[in-house]
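2 protein chains.
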Amino acid sequence: MKKADFGLPFFVDICGMERTELSDLGEFGLIDRIKSKTQIYQNTTITGIGDDAAVIDSGDYYTLVSTDMLLEGVHFDLSYVPLKHLGYKAVASNVSDIAAMNGLPKQITVNIGLSNRFSLEAIDELYEGIYAACENYQVDLVGGDTSTSRSGLVLSVTAIGEVPKGLITYRKGAQPNDILCVTGDLGAAYMGLMLLEREKQEFLANQEMQPKLEGFDYVVGKQLKPEGRTDVIHELREKKIVPTSMIDISDGLASEILHLSQNSGLGFSVFMENIPIENQTLNATNDFNISPVVAVLNGGEDYELLMTFSQADFEIIKSISEISPIGFVTADKNNILVLNSGEKVPITAQGWQHLKD
Amino acid sequence: MKKADFGLPFFVDICGMERTELSDLGEFGLIDRIKSKTQIYQNTTITGIGDDAAVIDSGDYYTLVSTDMLLEGVHFDLSYVPLKHLGYKAVASNVSDIAAMNGLPKQITVNIGLSNRFSLEAIDELYEGIYAACENYQVDLVGGDTSTSRSGLVLSVTAIGEVPKGLITYRKGAQPNDILCVTGDLGAAYMGLMLLEREKQEFLANQEMQPKLEGFDYVVGKQLKPEGRTDVIHELREKKIVPTSMIDISDGLASEILHLSQNSGLGFSVFMENIPIENQTLNATNDFNISPVVAVLNGGEDYELLMTFSQADFEIIKSISEISPIGFVTADKNNILVLNSGEKVPITAQGWQHLKD
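For the record, the sequence lines run as chains A and X.
When we follow my numbering, the leftmost residue of the first sequence carries the number -7, and every step to the right adds one.
When we follow my numbering, the leftmost residue of the second sequence carries the number -7, and every step to the right adds one.
Hints in this document: simulated from the structure, not taken from any laboratory.
Just so you know, these numbers come straight off a predicted model, no measurement behind them.
Glycine residues also receive a C-beta, built at the ideal position from the N, C-alpha and C atoms.
Hints may be right or wrong, so weigh each one.
[Claimed, not checked] Okay, the calculated bits of chain X under chain A, using three or more residues with CB under 8 Å as the criterion: (1) 27 to 36; (2) 43 to 55; (3) 148 to 156; (4) 311 to 323.
[Claimed, not checked] Facing chain A, from chain X, some residues (calculated, C-beta under 10 Å): (5) I23; (6) G40; (7) T101; (8) E120; (9) S143; (10) L159.
Just need the whole structure built from these sequences, with the hints factored in.
Printed below as a string of structure tokens:
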């Protein structure tokens, strides 16, 4: 690599440079570009960019590192997201990334950017959520940076986890005929977001209005306070089975299926009728007159785990109530959703959502 | 600890809550408050909040974790900070925190928030700086998160490092009569910032003007592209000496002296005449008609190391050109700067600067 030239330019007009729009590249294109130029110098670095967490050799086990940033106005709207829930979610979403490597989280750091709009009481609320998540996942808050922000709340969380070397699970690794499974249920967090956004608009139009969220506590809760599925990781260890590949569902099922497909070089057939969807989620899709397929495939923020298992583990999988088989792995590279009608539709790229929204 | 109550409130008026201003507490007060409520669940967590990096037991060695956030308009001004330098500095400042524990950095993650103001070419510049720092410090970029930002560039970097257990150095640990030392020179980065800010104002007043930075390449370079002093860490290891305490100088010498004092329960006497200051720094203080004492004590962003050594190591310290003895540790808790005139002035709290600026 050519050594970078550090002159002392002044008043660089970044708008005047030759420009290619980031949107031409896309989020995943940008990540691939960053990854392709990255050099590895340390032999302890096992896996860098490109999985749910980085993998570092720590002798007897692997250390896992995952990090996420949450920006006000992009990732959350404080008019309906309580700060306590936000703090909890910021931890849980990183816990989910560690779980997706078949690991357990141990420590977190939290960087926070604050404007003077936030009082000490507001920050206490945020940290109450962070502490509650730390207690639930037995994770230690070990550091962070506090800073002024000129523009709303900024949260950046890094989680450090561990996994025994024999249990590490990557996005790659699926084999033909493996069983595709998912934890919990899908689509709820997205419908929770739709409901909260709808009620916000109603409230802005008429501030006397009370939000109509009765009967939707589960979907709203799933949006505001999701859980990382460390419970499932513990159960897999007790039952002594290891997935052949795994990813967490943060950008919708379609996006994650395509990641598993790209990393394994194989295809996935998914059966809509097997995908677990809560009644509240279905009720909400009815209310909005959208197909549950959309909520499941493109919704995102479920923070459930998508994983593949060898057929040999099928009997054990059936004994785990939180895991549902939803499809299988095929030797060709076609990714297909089989609708309840029997119709087969290709699973196509979504992604970009975080950057576009 | 009482379990957090997660209801589903709606349209929380955070401005309507009882409010205590964050400025009443101060940055260090806020950090102390967060730390005091933190529980530790993992026996691998050796040190959490309150030092330059968190310390995690990894069996044969300690893992170190440090994290920092840089926000546009708070920590940097893109009208005169080139993106390449910014990327380099974001890595170097975290490397400095790892060095301050007597450790060496191994991996980093970089979270980045971008608005559509930034082109791909601009992002490439930023990452060229990040890659250059990675090469210089032999650090692997292993992960990160890319996101839209509604409000300027956001950078959040986490560094993972290692230190042999016998070499770990904390902010605590100084003993009476230990020698206080500093690496490199102080005050340059602050004067570089003053110069860049002055030239920016001149430029805004008259855009025909060329910036007058001749003769100030060192101080401007120290502001725009500081280095973490891993070179000194390597030299300490070669010479087989371990500081009794250490901190990096990011908020000015006064603030760091007070940290060492608070953590050891001892006092520090510092001699202004022994503090290394570059001629360019002195020239700049002349230009601005300010005392070099101000640049050194309150300036910040030097990213040099402040450390204490046992008297027994004095001969070895003298052989290391990058380390200068500047004072000694006293059994009382008074922190005093002895001016060149012989006058003694108390060293008082600064801090808060990052949040106030």
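(request) Double-check S143 of chain X for me: the hint is only fine if its C-beta lies closer than 10 Å to a C-beta in chain A. (result) Because about 3 Å separates S143 of chain X from the closest Cβ in chain A, which is inside the 10 Å limit, the hint holds.
(request) Verify the interface restraint on L159 of chain X: the C-beta must sit less than 10 Å from at least one C-beta of chain A. (result) violated, 17 Å
(message) Quick check on T101 of chain X please, does its C-beta sit within 10 Å of some C-beta on chain A?
(response) holds, 5 Å
(request) Double-check E120 of chain X for me: the hint is only fine if its C-beta lies closer than 10 Å to a C-beta in chain A. (result) For E120 of chain X, the interface hint holds, since the closest Cβ of chain A sits about 5 Å away, which is under 10 Å.
(message) Tell me whether the statement that chain A covers the stretch 148 to 156 of chain X is true, taking a Cβ distance below 8 Å and needing three residues at minimum.
(response) It holds: at least three residues are needed, and the stretch 148 to 156 of chain X offers 3 whose Cβ sits within less than 8 Å of chain A.
(message) Take the shortest C-beta to C-beta distance between I23 of chain X and chain A; is it under 10 Å?
(response) holds, 6 Å
(message) Please check whether the stretch 43 to 55 of chain X has three or more residues whose CB lies within less than 8 Å of a CB on chain A.
(response) holds (count 7)
(request) Go through the hint on G40 of chain X and say holds or violated, using the shortest Cβ distance to chain A against 10 Å. (result) holds, 4 Å
(message) How does the stretch 27 to 36 of chain X fare against chain A when you require at least three residues with a CB closer than 8 Å, holds or violated?
(response) holds (count 7)
(message) So is the stretch 311 to 323 of chain X in contact with chain A by the C-beta rule, three or more residues under 8 Å, or is the coverage claim wrong?
(response) Check failed, 0 qualifying residues.
Hints 4 and 10 from the earlier list are contradicted by this structure; the remaining hints agree with it.
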